[in-house]
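Chemist: Here the structure of chain A is known, so what remains is to put chain B in place on it, guided by the hints.
Same order as they appear, the protein sequences are chains A and B.
Residue numbering for the first sequence follows this note's numbering, starting at 999 and increasing by one per position.
Residue numbering for the second sequence follows this note's numbering, starting at 355 and increasing by one per position.
In short, the hints are calculated from the structure, not lab data.
A quick note: this is a predicted structure, and the numbers were derived from the prediction, not measured.
Wrong hints could be hidden among the right ones.
If you want a taste of the chain B side facing chain A, the calculated C-beta under 10 Å gives, among others [claimed, not checked]: (1) P370; (2) A401; (3) L408; (4) G412.
All residues carry an ideal CB built from backbone N, CA and C; glycine is no exception.
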Amino acid sequence: MMDSFFALASANLLSPPVLFFVLGFAGAFAGSNLTLPEPVAKTLSIYLMLAIGFKGGAAAAAHGLGTDLVIALVSGAILSAFIPLVAYGMLGAMAKLPVVDRAAVAAHYGSISIVTFVAATAAMRTVGLEYEGFLVAVAAVMETPAILVALFIASRASGRRSEKGEVLSEVFLNSSIVVLTGAFIIGMITGEAGLKEIDGFITVPFKGVLCLFLLDMGAVAGRGVRSGWQGMSAGLVAFALIMPFVSALIALPFGLASGLSTGGIAVLMTLAASASYIAVPAAMRLALPEARPSIYLTLSLGFTFPMNLTIGIPVYTAIARFVAG
Amino acid sequence: MQTFPKKQLTIIFEKPILPRMRRLLDAEGVTGYTIFPALAGRGTQGAWDSEGTLGDTGKMVQMLCVLDGDACDRVLDHVFGLLGGQIGIVTVQDVQVIRPAHF
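For reference, chain A alone in the conformation it holds in the complex:
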C-alpha cells in the first residue's frame, strides 16, 4: 500500500495542474498580486463544469442507468447529511468556537468542492483508473443536505429559525451546479455521438484550462492563508487537515456498498473529504450571518483544499486500491 501511495503521490504532485496550483499558492502567500480577472476565472470555471458534466453524462449514457446510480445518489445524500454531525462533534473537541461558527464550518465540510472533484477525476486519468461518469450527479446531490443539517444544529442551539428556502435556492441555482447538472443531462441525451461532436473543445484543452484555473485557485487560497492564518488556532488547523481523512474513511464503505470501481470509490472518498468554499459560504452569509467567514473560508479554502489536492487525493486513491483492488 505504501509503494502504491508514493507512486500515486509523486504522479499527483508532479502533475502540471497541481504544480500550477502550488505556484499560485506560493506566489500569493509570498505577497504576489497574481490573480486572474474575475470574468476570466468565472469563464474557466464554467468551462470545467460544462466539460466534466458533459463527459459524465455521455459516460452514464454509455454505461446505462441502474440501481448502482440510485445507491450512489442515496449514499452521497447520506454522507452529506452525516459528515456535518461528525465535523460538529470534532470541532467541539478540537477547538473553542461558538456554536454558530461550528455549525457553519460543519456545513462546509459536509458539502463538497467541485474543483476538488474535477482535480480528482483528472488524477484518476493520470494514474489510469476508470471512474463512473454518474458521480457528477452524486457530486451535485452532495451540495445541499449538509447545509440543512448545519442550519438544524444552529437553530436548535440558538432557538432561531433560518430562512431555508432562499438559502437552498442559492445553492441549487449556484452557477456551478446549474452548469454541471445541465451539462450532465445534455451529455446523457446526446451520448457518445454528442461527445464526438465537441470532443475537441471539452477533452483536449481540459487539462490546460484546469492548470490555468488552479493557478488562480492557488493564488486565492494562498492569499486566504496569508490574511487569515492569524485567527487560526492549532486545533482549527488540525481539524482542517484531519477531518478530510475522517470523511474519506466514512465514505469508503458507501463506495464499496454502491459497487463503484476503484477509481469511483477514490472519487467518492475525495468528494466526501472536500469542503465547499463557493456555494456554502454565500449560503451561510444569508442563513448564519453571525458565523465568521474568516474562519470557515480560511479552513476550507486555505488548508483543506490544498491538502486534498496534494496529499489527500493520492491517499484516498491508495486506500481505495488497497481495499477494492
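Modeler: For chain B alone, kept in the frame of chain A given last:
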C-alpha cells in the same frame, strides 16, 4: 433653478444579501435605486478586497436611493431589520433634487 429637499439613503452591504435588499425595496415601493460594486475597504473585521475572492462571499456593494422623508423612515426600519446580523453601513443625507416627481 428651483430645487426640492429629499433624503438620500446610502447602504453598503454584503453582496449575498443583494437579492433580499432588492426585494425589500421593491416591496416598499421604492421606484428607483442604483447599485455599485465596491472594490476594497476596511471595517471592524479588518481589511477586505473584492479582487481574488470566490463567489459572492467577501464582496460588498453600495446601494443609493433618493426618497421622501416619510418613505425614508419606513424603508430604514425594514433595512435595519434586514441588516441586523450582517456587515453593513447605512447613512442618510439631506439632498436637493430638481425633478421631485421622480422620487
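Chemist: Each hint: holds or not?
Modeler: Going through the hints against the structure:
no.: 1; hint: P370; result: holds, 4 Å
no.: 2; hint: A401; result: holds, 8 Å
no.: 3; hint: L408; result: holds, 5 Å
no.: 4; hint: G412; result: holds, 7 Å
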